[in-house]
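> Here the protein sequences come in this chain order: R and W. First residue of the first sequence? That's 1 in full-length UniProt numbering, and the numbers climb one at a time after it. First residue of the second sequence? That's 1 in full-length UniProt numbering, and the numbers climb one at a time after it.
Because the hints were derived from the structure by calculation, they are not lab data. Each hint should be verified, as a subset may be incorrect.
[What the hints assert, rightly or not] Coverage of chain R stretches by chain W, computed from C-beta distances (three or more under 8 Å per stretch; other residues unrestricted):
1. 39-45
2. 57-64
3. 68-79
4. 96-102
5. 112-122
[Unchecked claim] Think about it this way: if two alpha-carbon atoms lie no more than 20 Å apart in a straight line, the pair counts; the simulated EDC-like pairs of lysine to aspartate or glutamate are:
6. R:LYS85 / W:ASP54
7. W:LYS44 / R:GLU100
8. R:LYS49 / W:GLU26
9. R:LYS87 / W:GLU38
In this text, a Cβ means the ideal position worked out from N, Cα and C, and glycines have one as well.
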Amino acid sequence: MFPRFTFNITHITGALTPWCRFTVFAVFFPSDLNTMNKEARLKATINQKLTETGERERLKELLRAKLTECGWKDQMKAQCKEVIKEKGLEHVTVEDLVVEITPKGRALVPDSVKKELLQRIRAFLTQHAS
Amino acid sequence: MKMEEMPLSSPDNTKLEALMHDIYSELVEDACLGLCFEVHRAVKQGYFFLGEPDQESMKEFEIVDQPGVDIFGQVFNQWKNKECECPNCNRLIAASRFAPHLEKCLGMGRNSSRIASRRLARNNMSKSESDQEDNDDLNDNDWSYGAEKKGEPNQNSPRRSKSLKPKNGEKVLVKRSKYNHNTGISYESLGPEEVRSLLTMVLCPSRSQRCPQHTDEQRRAVRVFLLGPPALHSAELESHSFDIPDGQMSRLQWVESPNVSPSDSASSKASTNHPDSRRPKKKKTLSLNSGGGSGGLTEGSGSSAQSSLSLSSRKKKPKLSAAFISSIYDDLN
Numbered sequence: 001m002f003p004r005f006t007f008n009i010t011h012i013t014g015a016l017t018p019w020c021r022f023t024v025f026a027v028f029f030p031s032d033l034n035t036m037n038k039e040a041r042l043k044a045t046i047n048q049k050l051t052e053t054g055e056r057e058r059l060k061e062l063l064r065a066k067l068t069e070c071g072w073k074d075q076m077k078a079q080c081k082e083v084i085k086e087k088g089l090e091h092v093t094v095e096d097l098v099v100e101i102t103p104k105g106r107a108l109v110p111d112s113v114k115k116e117l118l119q120r121i122r123a124f125l126t127q128h129a130s
Numbered sequence: 001m002k003m004e005e006m007p008l009s010s011p012d013n014t015k016l017e018a019l020m021h022d023i024y025s026e027l028v029e030d031a032c033l034g035l036c037f038e039v040h041r042a043v044k045q046g047y048f049f050l051g052e053p054d055q056e057s058m059k060e061f062e063i064v065d066q067p068g069v070d071i072f073g074q075v076f077n078q079w080k081n082k083e084c085e086c087p088n089c090n091r092l093i094a095a096s097r098f099a100p101h102l103e104k105c106l107g108m109g110r111n112s113s114r115i116a117s118r119r120l121a122r123n124n125m126s127k128s129e130s131d132q133e134d135n136d137d138l139n140d141n142d143w144s145y146g147a148e149k150k151g152e153p154n155q156n157s158p159r160r161s162k163s164l165k166p167k168n169g170e171k172v173l174v175k176r177s178k179y180n181h182n183t184g185i186s187y188e189s190l191g192p193e194e195v196r197s198l199l200t201m202v203l204c205p206s207r208s209q210r211c212p213q214h215t216d217e218q219r220r221a222v223r224v225f226l227l228g229p230p231a232l233h234s235a236e237l238e239s240h241s242f243d244i245p246d247g248q249m250s251r252l253q254w255v256e257s258p259n260v261s262p263s264d265s266a267s268s269k270a271s272t273n274h275p276d277s278r279r280p281k282k283k284k285t286l287s288l289n290s291g292g293g294s295g296g297l298t299e300g301s302g303s304s305a306q307s308s309l310s311l312s313s314r315k316k317k318p319k320l321s322a323a324f325i326s327s328i329y330d331d332l333n
């Protein structure tokens, strides 16, 4: 999918994460927008909007508060402890933790929190779509 | 931008859902990443495991659940029956009663201070007083009015016992009556003549020059008896006479007229004699004193005593004259 759009600047985008690639396109090559796939353009625009309006930060803060409130953070810390004991206190790296923890974290998010967050994202999208 | 909004508003719900989930998972991963950084930093800094207690301290501070013991394993109420020693009276007092006791014992507070001062005064009395005085003072406590008076009988007691002796009581009595006039005294404990002298002092505090207890006739008789017709030394006599409102004189008076109540005679005479007698007498004294030195030596029966009087210094005069005049009264009677 991506190679099709990144005609002449493959050397730049290769080093970046997928959504950053879109941002780069949108910012630096506005003349190319017309040639871009609709979906990609949409994603880029939405990300930009999220950042510009500050909604991304608000959502992050909300999620963090909700997760702390419902005990997700303590559960995750307990998971971290296990990982650390497994690897040894001195030899643990951030990569180890991320690899071990992220899937569990994603699974452990309570449904209510997930629903609320999705609700807010949808509200944001419909608000900026009109 | 407007071109992009077209596909969003189009009924492409699956795409919208996918977008939403992308954003959501992004947020969750971000939270996870933040947590991972936080934990990693805590581990490397060494404070990650500080939150949880280790096994030793868990055992050490385990909650004790036994009857008669609190959760720390200590016996409760162990201080309940503790006794403290009062620093004032050295008694052992239960800790719960210590504060009220100390308040009373030291005499702080309103009521307690009265009680304490009374008790202190009583203690002092019993220590310093002779036993014959004790009864008096205990009786006095009922009606005397003021804290200072409580201690006063102690100071008076030796003088009082002295005053019973006839001769050297005079000066002491004068002193004491002054004292009493200032501070007040328990009248019950005094003898009748003392009361009399006291009353004259109290009722006529400005001290008339003339003795209030003797009539003018008596005085004149003495004057004639001593000096004869010339009135040279009458001034000196007058000036002496006011120094003798003491036991000797009053006792004489008492014997002479027992029917008259002492307070009546004293008060009436004081009130009648006092105002008119003062001014003329002073003039007299001045005029006569100027020329009085030589004549007195050659005069009548009491000349030897008289000479000693006039030669002696002013301070000694009252004492000597008092004794002297009392002897004269004895002669008259």
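> Can you take a look at whether the stretch 68-79 of chain R is actually covered by chain W? Rule is 3+ residues, C-beta closer than 8 Å.
holds (count 3)
> Given the hinted pair R:LYS85 and W:ASP54, is their alpha-carbon gap at most 20 Å?
Holds, at about 15 Å.
> Check whether three or more residues of the stretch 57-64 of chain R sit with their beta carbon closer than 8 Å to a beta carbon of chain W.
It holds, with 4 qualifying residues against the three required.
> Hinted pair, alpha-carbon criterion (20 Å max): R:LYS49, W:GLU26. Please report holds or violated.
holds (15 Å)
> Take a quick look at whether W:LYS44 and R:GLU100 sit within 20 Å of each other, Cα to Cα.
With Cα atoms ~18 Å apart, W:LYS44 and R:GLU100 stay inside 20 Å; holds.
> Quick one: see if chain W covers the stretch 39-45 of chain R, three-plus residues with Cβ-Cβ under 8 Å.
Our answer is that it holds, as 5 residues pass the Cβ test (under 8 Å) against chain W, meeting three.
> Under a C-beta cut-off of less than 8 Å, do 3 or more residues of the stretch 112-122 of chain R approach chain W closely enough to confirm the stated coverage?
holds (count 5)
> Between the alpha carbons of R:LYS87 and W:GLU38, is the straight-line distance 20 Å or under?
Holds, at roughly 17 Å.
> So is the stretch 96-102 of chain R in contact with chain W by the C-beta rule, three or more residues under 8 Å, or is the coverage claim wrong?
holds (count 4)
Checked against the numbered hints given earlier, the structure satisfies every one of them.
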